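Colleague: Residues per chain, in single letters:
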Amino acid sequence: DAGVTQSPTHLIKTRGQQVTLRCSPKSGHDTVSWYQQALGQGPQFIFQYYEEEERQRGNFPDRFSGHQFPNYSSELNVNALLLGDSALYLCASSLGFGPATIQYFGAGTRLSVL
Amino acid sequence: GDSVTQMEGPVTLSEEAFLTINCTYTATGYPSLFWYVQYPGEGLQLLLKATKADDKGSNKGFEATYRKETTSFHLEKGSVQVSDSAVYFCALSGGSYIPTFGRGTSLIVHP
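So the protein sequences, as listed, match chains A and B.
The working numbering puts the first sequence at residues 1 to 114.
The working numbering puts the second sequence at residues 1 to 111.
Keep in mind that the hints are not guaranteed to be accurate.
[Unchecked claim] Some but not every residue of chain A turned toward chain B, in silico, with C-beta under 10 Å: (1) F45; (2) A87; (3) F97; (4) G98.
[Stated by the list, open to error] Which stretches of chain A does chain B cover? Using the computed rule of at least three CB atoms under 8 Å from a CB of chain B, they are: (5) 14-28; (6) 63-71; (7) 74-83.
If you're looking for bench data, these hints aren't it; they were derived computationally from the structure.
Computed from a predicted structure; not experimentally measured.
The C-beta atom is built at its ideal place from N, Cα and C for all residues, glycine as well.
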């Protein structure tokens, strides 16, 4: 049973460019969340998708957008990249959402903005 | 808003030592509490959780008790191993059902 898979593993971009990160959830999961993890920090919630709709959004600008496909996979898009966008981007999947829902994380995409 | 505060790391221990990593939280209502662990080069994985006051979560020798009176969820293990070296994250899930994570505590265990 494959867990959460993310691609690519590493990415290098320059300021002003756009980037797309991809995530395949754990089999059977229907909810995907995206997090940004800066070096030495905990994951910060970006947004969550359920039934192809953005269900919740954290405190991130509109440059961050996403999409969920009918097969539950998801993409994170970041426009007009800034140096401060350099981070590890984590995708997590779950079966639905609730107070005790366990999230299953991928290994992440390391984005470097030069 | 919700927040989680963890003790600063790194925590450096010898094998078989006792481990405590402190975690306190601020939240409205009755959140669920979690400990996640991140091994080098991997994503976070759930270590244990507790969903109501006085619940004890446990897994792989690690334990944490949900203390509402002190708003704490400290992680403990009686005898650590080198393989426990990782970064440990305390997290809570409140009314929005979105986890709020602490900054993480790095644990280094020497043989």
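Colleague: Taking the hints in turn, state whether each one holds.
Modeller: Hints, verified against the model:
{"no.": "1", "hint": "F45", "in the structure": "holds (5 Å)"}
{"no.": "2", "hint": "A87", "in the structure": "violated (14 Å)"}
{"no.": "3", "hint": "F97", "in the structure": "holds (5 Å)"}
{"no.": "4", "hint": "G98", "in the structure": "holds (6 Å)"}
{"no.": "5", "hint": "14-28", "in the structure": "violated (count 0)"}
{"no.": "6", "hint": "63-71", "in the structure": "violated (count 0)"}
{"no.": "7", "hint": "74-83", "in the structure": "violated (count 0)"}
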